[in-house]
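**Student:** We have chain G; now place chain X onto it with these hints.
Top to bottom, those sequences are chains G and X.
Heads up, the first sequence is in my numbering, so the first residue is 1 and it goes up one at a time.
Heads up, the second sequence is in my numbering, so the first residue is 1 and it goes up one at a time.
For the record, the hints were derived by calculation from the structure and aren't laboratory data.
Careful, some of the hints might be misleading.
[What the hints assert, rightly or not] Short derived list, chain X residues pointing at chain G, Cβ under 7 angstroms:
#1 L11
#2 W26
#3 N33
#4 A53
#5 I60
#6 T70
Just so it is clear, the structure is predicted and the values come from calculations on it, not from any experiment.
Cβ coordinates follow ideal geometry from the N, Cα and C atoms, glycine included.
Read off the chains here:
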Amino acid sequence: MDILYILSYVLMGAGVAFMLFGVVGLFKYNRFFPRILVASKIDTVGVLTLIAGVALRHGFSFFTGKLLLIVIVMLVLNPLVAHILARSAYLSGFEMETSEEEEEQD
Amino acid sequence: MRIVLWIMLGLMALYLIPVIKGPSRWDRLLGMNLISTKVIVIIILFASLYNTAYFLDFAIIYALSGFIGTIFIALFLAQRKRREGEK
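Next comes chain G alone, as it looks inside the complex (with noise of 0.2 angstroms):
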C-alpha cells in the first residue's frame, strides 16, 4: 500500500510543478500568442498529472471512473479553448503588425 501511497504523492508533486512551469511560461512571453501555447498546454497536463495522483489514492471505484470523465473532457475542451481564443485573437489582427514590422527590420 505504501508504493501507491508514495506514487500518488510524487505524481501530484509533479502535476503542481508542471502548473508552477505554467506559470513562468505565462509571465516570461510577453507576446500573447506564445503565451497561449505555452499556459495552456503546460497546463493541460499539470492537471492531468495531478488528477493521476490523486486517482492512485482511491484505486478502482467510483471516484477514479468520474475521475476518468473529468480527464476525458479536460482532454477534449482545453486545447479546443486555446484554439477558439488564439483563432479569435488571430481573426481580429491582433499583434499582426508588430511581428511583420520585427521581420522586416532582421
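**Tutor:** This is chain X only, laid out in the frame that chain G set:
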C-alpha cells in the same frame, strides 16, 4: 494534500494578475480560462480529501460550462473586431 490545495489557491491569485493587467481582452480570457481549470482541480482535491464521489459531478459540470462560456466570449470578441475591419 492540503499543501497542494494552498498552492492551487496561490496559483489562482497569480493568474489574476494577467486578468487585471493583461494588455488585451484575450489575455484576460486566457487568465479566466486558467482560473477555471484551477477551480476544477480544487474541487477534485476536496472530493478526494473528504472521500465523497458526488463532488466530482460538480467538477464535470463546472468544467463543461466554464469552457463553453469562454468559447462563446472568444467568438463574440472575434466577430466584433472583424466587422470593424471590413468597413
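**Student:** Hint by hint, which ones does the structure fall short of?
**Tutor:** none
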